[in-house]
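Number of protein chains: 2
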Amino acid sequence: MTAKSMMPYVEGNSAIRAMFEEGARMAALYGKENVYDFSLGNPSVPAPDEVNQAIHDILEEEHTLLVHGYNQSNSGYEDVRRTVAEHLNELHGTNFTSENIIMTVGAASGLNVAIKALVDPGEEILAFAPYFVEYGNYAKNHGAQLRAVPADTVTFQPNLDAMKEMITAKTRAVIINSPNNPTGVVYSEDTIKKLAAALKEKQEELGTEIYIISDEPYRELAYDGVNVPYVTKYYDNTVVGYSWSKSLSLPGERIGYLVFPSEMADFDNAIQAANIANRVLGYVNAPTLIQRTAARCIKCKADIEAYDRNRKALYEGLTDAGYECVFPEGAFYLFVKSPIDDDVEFCAKAKEHHILVVPGKSFACPGYVRIAYCVSHDTIVNSMPAFAELMKEIKEDKE
Amino acid sequence: MTAKSMMPYVEGNSAIRAMFEEGARMAALYGKENVYDFSLGNPSVPAPDEVNQAIHDILEEEHTLLVHGYNQSNSGYEDVRRTVAEHLNELHGTNFTSENIIMTVGAASGLNVAIKALVDPGEEILAFAPYFVEYGNYAKNHGAQLRAVPADTVTFQPNLDAMKEMITAKTRAVIINSPNNPTGVVYSEDTIKKLAAALKEKQEELGTEIYIISDEPYRELAYDGVNVPYVTKYYDNTVVGYSWSKSLSLPGERIGYLVFPSEMADFDNAIQAANIANRVLGYVNAPTLIQRTAARCIKCKADIEAYDRNRKALYEGLTDAGYECVFPEGAFYLFVKSPIDDDVEFCAKAKEHHILVVPGKSFACPGYVRIAYCVSHDTIVNSMPAFAELMKEIKEDKE
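Going line by line, the protein sequences match chains A and B. Oh and the first sequence: position 218 is 218 in the working numbering, straight run, nothing missing. Oh and the second sequence: position 323 is 323 in the working numbering, straight run, nothing missing.
Same shape as in the complex, but just chain A (with noise of 0.2 angstroms):
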């Protein structure tokens, strides 16, 4: 029989499933320029020109046992890490070398490398709700255990007074997501100072380490020249995990990395216990021929501004309409307020008007919605009749 362990996953993805193929059915039937599909971060925007330039000069420049063959070491090409350490210190002032870089399949991989390697069974890792679902999952694969520290709903920045009340001795790691899926929020230097501060507090309080796992598929995807802060300047025991999946808009190839800083505590176990998780797991090394593409596109970026005009039309077309939001900074994602209590009603009732969008239940987070706007351009003008009728129907509905 199938694992008993796995029954519930695959009674629960039904649900998300029958989501997708109702996406796939509506299309069939009412042409798929008349569904607006919000409901995956997919990225829309293609890698730039770049990346296949790269892929063919490597191809031709380099040697082929080199670049498909594996890798002297788990965490991948010396050089490349060297490349990504250079960039990381250019841009951010830190002091990394290629001995702080583990190449990782993507930043889904690096997250269950970095749990594996920082978190025991049994132990506890907080997350900021809302927050991407899977993380659940990755700490379940290592025994743990992901808490969800509930949502400060004004702002959306991290709820630190809650964090702090729940942090135990069993608390080894809190991860952090900015700019943030589902709300597209950035958290600012002063959170991220504060939770450094909150965080050191507790690890002297308690006699223990407390990791910040930091997750940054969305770096790059900030407006406004709003700032990022890099947070292993402010904290030392942080893990960044990163992926070129949106920067680069290359996510089918699994392709990524993590940062250990040398100042975190018990460096030299750390990083070596990364490594051979990376192997252990099963990821053995990132994809070597894409490895050598990230490291020659360390500079390149994929069309933000096509995002950025989205994320515009969007935030003023829905709160025109009468919807409520976090302005998002970055990210692709609007989390709306559902104008009902109940999100998953909500959910169901823009269906009705060709409106795919994912209830924040799925995010540990009721009542709200999130609204992917990696779309065309026209999907989003296209579907504000259809948000404006559905807005009007639930006015006429309460009334």
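Since the hints were made in silico from the structure, they are not lab data. A couple of the hints might just be wrong.
As the list claims (entries may be wrong) - Only pairs whose alpha carbons sit at most 27 angstroms apart, straight line, appear in this in silico DSS-like list of lysine-lysine: (1) A/K164 x B/K4; (2) B/K140 x A/K170; (3) B/K395 x B/K312; (4) A/K170 x B/K4; (5) B/K193 x B/K233; (6) B/K170 x B/K193; (7) A/K200 x B/K4; (8) B/K194 x B/K164; (9) B/K170 x A/K4; (10) A/K140 x B/K170; (11) A/K398 x A/K351; (12) B/K202 x A/K4; (13) B/K312 x B/K299; (14) B/K4 x A/K202; (15) B/K4 x A/K140; (16) B/K140 x A/K140; (17) A/K361 x A/K4; (18) A/K361 x A/K312; (19) B/K140 x A/K4; (20) A/K4 x A/K140; (21) A/K4 x B/K200.
Given chain A's structure and the hints, the job is docking chain B onto it.
Leaving out everything else, chain B in the frame of chain A:
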């Protein structure tokens, strides 16, 4: 602090690391050509030209959002999975469709997905000694325990009598690996038939399901036209794990697949559980460009003749020099009886002659050493006097 659960890995790893560093140190000291490094299973034959050509063609012909984007299903592209299924049907007379195939981040991730999907924490997995040491770690990742079935050191075919005695109600899977790492032995059709019969009997006796997980990265590396039976044809509860690491010399690219046959118990749940495990374990999907490349190169193979030439030269050379080993029909390893009882001590002595080989202890089979012949032909030819000298020294020591 680093996770306590990782410290045994960190401490155990130091020995292997020390060996690699020793190899590099020796190469620097004596010249690379004077060190005979047979320690690693890293293909020495480049990927066939068709691989890089296919990559060029895909980038020219296919849309970049398709090539580098998320897969709609975590199992991979539907067209790639269909190509794999049809290829297997052509070769083996099977009846697979895309629904039976899950593209994976190499074979290592495939094995983890299979274990997560089928084996519950607290259950047991059997493997036939000698076996690839990572199997034990993969079992442990999911709370399962690997138990080693003692080797049949005459034929190195699976020891089925010993297996039968070890199977209990907790036994959920048996991992097999043919052509075998580290012995080079191919499991005969007779072996597979007997294995299937024994497991069917045990399933009935215990009222449980017992899966064969067939790890087949060396399937194409079979010499002299030897038959490598396709296991799903003999036993319904079989999952096949495949990788192109060896057949296309792409070990760094992390690309492989799992086959879940429709005939297996609880297929609908099992295939869905595997699809979800691919996501939850942080693999998400197999790297996309290389998925498409593997499909275009489905009929290609690296130059396996080169390995065959090495195999013959090494086997003849070593047996002439007085070493004993079973004749290898596949893979690129020779499993040689250590001329002294302690295989670790033999490896140390070999190192004095600039020969690097891996003790059988690392494969749960002490008293033997693994010699990987995926090296240049010159390395084999040039190492022969050193192997002869080593044997002479050992014989003199014994007198």
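How the hints compare with the structure:
1. Between A/K164 and B/K4 the CA atoms are separated by roughly 25 angstroms; this keeps the pair inside 27 angstroms, and the hint holds.
2. At most 27 angstroms may separate the alpha-carbon atoms for a hinted pair to count; B/K140 and A/K170 meet this at roughly 22 angstroms.
3. For the given pair, B/K395 sits about 25 angstroms from B/K312 by alpha-carbon distance, which is consistent with the 27 angstroms threshold.
4. Between A/K170 and B/K4 the alpha-carbon distance is near 13 angstroms, which keeps this suggested pair within the 27 angstroms criterion.
5. Between B/K193 and B/K233 the CA atoms are separated by roughly 10 angstroms; this keeps the pair inside 27 angstroms, and the hint holds.
6. At roughly 23 angstroms between alpha-carbon atoms, B/K170 and B/K193 fall within 27 angstroms of each other, so this suggested pair holds.
7. Restraint check for A/K200 and B/K4: satisfied, since their Cα atoms lie roughly 22 angstroms apart, inside the 27 angstroms limit.
8. Note on B/K194 and B/K164: the hinted pairing holds, with a Cα-Cα distance of about 11 angstroms set against a maximum of 27 angstroms.
9. Note on B/K170 and A/K4: the hinted pairing holds, with a Cα-Cα distance of about 13 angstroms set against a maximum of 27 angstroms.
10. Of the pairs offered as hints, the one joining A/K140 and B/K170 holds, with about 22 angstroms between alpha carbons and a cut-off of 27 angstroms not exceeded.
11. Between A/K398 and A/K351 the alpha-carbon distance is near 19 angstroms, which keeps this suggested pair within the 27 angstroms criterion.
12. Only pairs whose Cα atoms come within 27 angstroms are accepted, and B/K202 paired with A/K4 is accepted, the gap being roughly 21 angstroms.
13. Proposed proximity of B/K312 and B/K299 is supported: the alpha carbons are some 26 angstroms apart, at most 27 angstroms.
14. Our distance criterion of 27 angstroms between C-alpha atoms is met by B/K4 and A/K202, whose separation comes to about 21 angstroms.
15. Under the criterion of a C-alpha separation no larger than 27 angstroms, the hint pairing B/K4 with A/K140 is consistent with the structure, at around 17 angstroms.
16. For a cut-off of 27 angstroms, the pair hint linking B/K140 to A/K140 stands: about 14 angstroms separates their Cα positions.
17. Between the alpha carbons of A/K361 and A/K4 the distance comes to roughly 25 angstroms, so the proposed pair stays at or under 27 angstroms and holds.
18. Between A/K361 and A/K312 the alpha-carbon distance is near 25 angstroms, which keeps this suggested pair within the 27 angstroms criterion.
19. Distance check on the hinted pair: B/K140 and A/K4 sit about 17 angstroms apart at the alpha-carbon level, within 27 angstroms; holds.
20. Distance hint between A/K4 and A/K140 is fulfilled; the C-alpha atoms sit about 15 angstroms from each other, no more than 27 angstroms.
21. For the given pair, A/K4 sits about 22 angstroms from B/K200 by alpha-carbon distance, which is consistent with the 27 angstroms threshold.
Hint compliance for this structure: no hint is broken.
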